[in-house]
Each structure stands twice: as structure tokens, then as C-alpha cells.
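Residue numbers (this note's numbering), protein chains in the order written: chain A, 1 to 232; chain B, 233 to 589.
By construction, these hints were calculated from the structure, which means they are not laboratory data.
Some clues are possibly wrong.
[Claimed, not checked] Far from chain A, by Cβ distances over 12 angstroms, these chain B residues were calculated:
(1) Gly-251
(2) Ala-351
(3) Glu-498
(4) Val-578
[Unchecked claim] Restraint ranges, calculated between C-beta atoms of paired labels, are given here:
(5) A:Arg-171 - B:Pro-289: 44 to 54 angstroms
(6) A:Phe-179 - B:His-349: 49 to 59 angstroms
(7) A:Ala-195 - B:Asp-561: 48 to 58 angstroms
(8) A:Ser-191 - B:Pro-347: 26 to 36 angstroms
(9) B:Pro-576 - A:Thr-103: 49 to 59 angstroms
(10) A:Gly-177 - B:Pro-347: 24 to 34 angstroms
(11) B:Ala-572 - A:Arg-171: 35 to 45 angstroms
[What the hints assert, rightly or not] Stretches of chain B that chain A covers, calculated by requiring three or more beta carbons in the stretch to come under 8 angstroms of a beta carbon on chain A:
(12) 425–432
(13) 545–556
Keep in mind the model is a prediction, meaning the values are calculated, not measured.
Glycine is no exception: its CB is placed at the ideal position from the N, C-alpha and C atoms.
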Amino acid sequence: MTILVRSSSHTPAELVSALDPEAPPAWSRSARRTSWGCVAWAGESVEVVDRWLILGVPSADPWGWPGHPLGPGELASRMSLFGPDGVRTATGPFLVLDMGDGTVTRPGNGLVPFWTHGRFGSTIQKLAGPNAVPLPHLAHHGFERSARTSLSGRRVRAELLEHRPRATPARDAIVPGPFDRLWSGRAGAASQLRALRHEASRSWWLGRLDDRWLHAPVLERPVVDRLLQAGS
Amino acid sequence: MSLRPRWVLVTLDYPPAGGGISRLLNALVAGSADAVEWRVLTTTPGNSAEGVRRVRPAHLLLALRDEMQWARAAAGGRIVIGHPFLATPVVAAARLTGLPSSAIVYGRELVARGPHHRALLAGLSRVERVLSISDATAQVVSRLGVRPSHVVVVHPALSGASRRSPRTPRPQGRALRIVLVTRLAEHYKNLDLVHAVLLVLKRTATVERCVVIGDGPLRHSHMRAARDAGLAAVLHYPGRLSDDEMRSVMHDSDIGIFPSRTSSAEGGFEGFGLVIHELAATGLPVLVGDTAAAREAVGSGWSLLLDPEDVGMWAKTLHSLCLDPIRLDRMTTAAEEWAARADPSVAIRQMVAGLRG
């Protein structure tokens, strides 16, 4: 479990103490002063490489299945090279904070929640609400097509499962069942994906409470593209 | 009476239709005219041409009867099925007249999309010789009940050097010009990957332009997607171009890409990828999706195989090639040398021999 906070109006010590109501005493705490303020975190799975703070477990598998970690050094190098769009080159539950300017970039799967203008002391309650940092619009992630297609939603699900590594525990990856509306192939795939993306961050949070890292292959680009193509 | 055997090619796709099948069949007929007297029976509309008869689909079998009589008038007559969907009716007609039959098979056309397709493809198991353009295609054919002993694989290496003039070196610091040639009718051609890669590279001045040559029902939605993503200045969809226009764009480009994926959800895969050779024949290095028969089309030194789903790998490869003109030049030279060595007549002779059995 990890909690990350950033602020332009607090000192590192104030931020770390603000984490106390949420983070158990056993969790490690760290803070960094930056040119725009400071950032503090409690818990594990935070890596700082150059100006990039990476929270989570980015994956190198384009389909988003767990088990193919993308090293923080590699992701940081991609962020330096490509800027915020570098998150498009990784999958899995992660977000990146640019300590140079304080901006947070989340990948399109929307798994790791992050809020702006939050108030300390009620983090977990807030995590049940909507994500305040806007996710990339689906139009920048995939496009619902107007042409006829031979793709069907159920076949997209089957194709996704073909790429699943054998050792992947089912409970570590979000893949709705075969009769879920998402796979129906009817128009409106974009709205169903939006709803699922919103719901996925709640599931991710519950997974973290259970000390699991939840991946969402269904919300990564290959599946999103195919579903939007099938949904026309 | 003609000394050459008379073969009738029955096909749905033939020039002026675009696409790999049409180009391959045209190259076969034109390139083997010294060995075979061809007549082409096709449903593709267009201007009349010697030896090419164009009919409506409903009249195809009636017209085939006349052509079979013509073929039987010389020794070695044969019916060549140019599209697998014609297998069942054409094999039945050939058997009635005692003519042997052969078929040329490609990629996606072998994937049945329902009972009617399955019925059309069933005839392939009764064709005497099946010419497959790749090992990947041959595997699909075997699942349709065609005996392996009836299948021969010939890679259609039909492109020789086609450069019009020496390629001018890329000025130092100029971003890459990319070209892609594809039919815009199927999603497995993977234009979504191209969009995603260009978005990632947007801030890096890696790509000056990417031209997607080709047409189809998806062109306008791809154009809209490019515009909505702010890629309209970089990503161009000019539609179908004449051969001269296409060569001009290729000549003015630095690198070709062929990102097709295999998609079981769509039933789509590359049967070979003639375009890979056409790009290399103009002296272009080619980045190729590591999938199906596209793997069989790549050549040493001038191509790189990349995971067709991995945006990061494509973006990093393009970026590193942009920054490494020496490596890009080496690949360009390898493509030019490959094109200079390539002899399309070899593949044509192998294809004719494969069809004859």
C-alpha cells in the first residue's frame, strides 16, 4: 500500500505528519522538497529516478498482463525522451509524478487513483469517490469506428485471454466475464469502457488493501482499440 | 494450335482492383506469358484488356464454360483458382470438363466467417495443386482439409529494383519521413498502433510526416481520428495513388513501416506482405510487425521485426533510427543491394511449376 501527497504550501515535515492518520506506523515515510513545493509518500512501490517519481508497478506487456515488469529506469528514460506521452508506452497500475513541475500523469487504464485539492485526514473515504485528476479522453486512446467490421466483442475477449501468461492468477487481472455487456459488441463501447475505467480504480484500491497489485488488461490499448472497433 | 498450355485464371481480384492479391496475380500472368497462354476471367470491373474477360459475379460460371472449352483445345490446359471463395463451384465445373485445377491461396481469405464461407472454401480440399504464398498460410490451408502433399509453398518475391534515381541522403537534423502502403478495410492492418506511436513521438521531432497510401472504408475514420488527436499535420491519408505517385512518395521517404498484427478476434493475418518487398525495392528500410507470414517476407539487414502491439518498442526504434543516420544508411544500402539482386522471374517460374505440380 502506498499513499502519495504533493503540496506547494507545506513543508516536507508537515506533509509527512499529514500522512499519519492514514498510514500505519510501520510504513516507511519519505519526502522530497522540489522547486514548486514538496512531495511525500508512505508505503512501498515508489521509485525516484532523476526527476520522475514512479508509483506502482508498470508493465512491459502491451496487453497489460502482470508478470512483465518495466524497470523504473526504463520508464523514467522514456518519460525524459517522450514527455508525458511516455506513459503510453507502458501498461499496468502506475502513475508518474514529474518532480520538475509537480504534474501527475496517469496511463489510460486509470487504475491508480489520484486527487487534486484533497484534504488530508479522509483519504480512504475520498478514494471511494470519483478521480479528480482527469484521465486521458478515450478519443486519445482509441476511436469508435463508423465502418463495418468483422470484430466481435466476445472474440476480443477470447483474443485477450490467448495472450494471458499461464502463471497469471485470475484475481490479479480485471477481465469481465464472457456475458458482461462490455463484450456485447453493440454501439456504446466507449461509454461502457468509461464506466469500467471508473470502477476499476475502486477495485484497484480494494486490491491494494488486500496487498495485491491489480492489473486491467481490458483497459489497455490493444483491447480498447479492438472494442471500439467492434462497437460500431 | 498454341504450343503453350492454356490456363484460365478465375479470380475476384484483378487490376484495376488494388491490394496484394490483384498485384500478385497480375505479376504472375504478365511474368509467365512465355510459358503459359493465359486467359483471365474476373469479376473486377474495368477497361477491357487483351486476355482479360470481365463479367458480373452471377455470370461467372457461364463464362467459365466458354473459357474451359478454350483451355481444353490445347495440351496441358488447367483452371487456376485465384480466390479461395471460388474453390467449390470452380472445382465442380473443372471436374465436369475433365480439366485439372490449381489454386493460389493467401491469408485472411482462408478464414471462414460463417457457414457460407465454409461451404465456399470446402472445395479447396478437392483442388489438385494448392500454391501457398507462405508457410503461415499453408498451416491455415491444412486446417481446411487440404492434404499437405497437395500444397507447395512459394514466397512471391516479385519485386526487383524500382528506384527511379539515386536516393538523396536525408539532410542532417531533418526528421524521418515514413511511408506505409495498405488497404484501409481491416483493423488488423493496425493503424491504431501508428496513431499511438506518432502521439508518443509528437514532442520529439522524430517524424516529419507519415504517409499512409491506400484506400478503403476505414480511411475517413482514420483521418478523423488523426485530426482529433492533433496528428493531421504529420499523418496523411492521400488515398489510393497511381504507381508513379506511389513511387514518388516512397522515393521521398526515409523508412517504410508494415505494422500489421494477427488478430484472432478479427480473423485477420498477413498471408505474406508483398508491400514489404515493394518498399525495400525502392531502397527503404522497413519496420515490420513480428507476426504470421510477415516474418517470412523480411530480409537481412534492411528490416527489423517489432511486436505489433508494443507502442514503446516502435517509438524507441524510430527515435533511435532518427538519431543514428549511419545505421539508417546501412539499412538503406542493404535494401538497395537486396533489390538489385532480386529476380522476380525466379519466383514466377516457381509459382508456375507449383501450380502445374
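A quick look at each hint next to the structure:
1. Gly-251: 17 angstroms, holds
2. Ala-351: 18 angstroms, holds
3. Glu-498: 5 angstroms, violated
4. Val-578: Holds, because the least Cβ-Cβ distance between Val-578 (chain B) and chain A comes to about 36 angstroms, which exceeds 12 angstroms.
5. A:Arg-171 - B:Pro-289: 44 to 54 angstroms: 53 angstroms, holds
6. A:Phe-179 - B:His-349: 49 to 59 angstroms: 27 angstroms, violated
7. A:Ala-195 - B:Asp-561: 48 to 58 angstroms: 51 angstroms, holds
8. A:Ser-191 - B:Pro-347: 26 to 36 angstroms: Holds, at about 33 angstroms.
9. B:Pro-576 - A:Thr-103: 49 to 59 angstroms: 55 angstroms, holds
10. A:Gly-177 - B:Pro-347: 24 to 34 angstroms: 28 angstroms, holds
11. B:Ala-572 - A:Arg-171: 35 to 45 angstroms: Cβ of Ala-572 (chain B) to Cβ of Arg-171 (chain A): about 58 angstroms, so the range 35 to 45 angstroms is violated.
12. 425–432: holds (count 3)
13. 545–556: Answer holds; 3 residues pass the 8 angstroms Cβ test.
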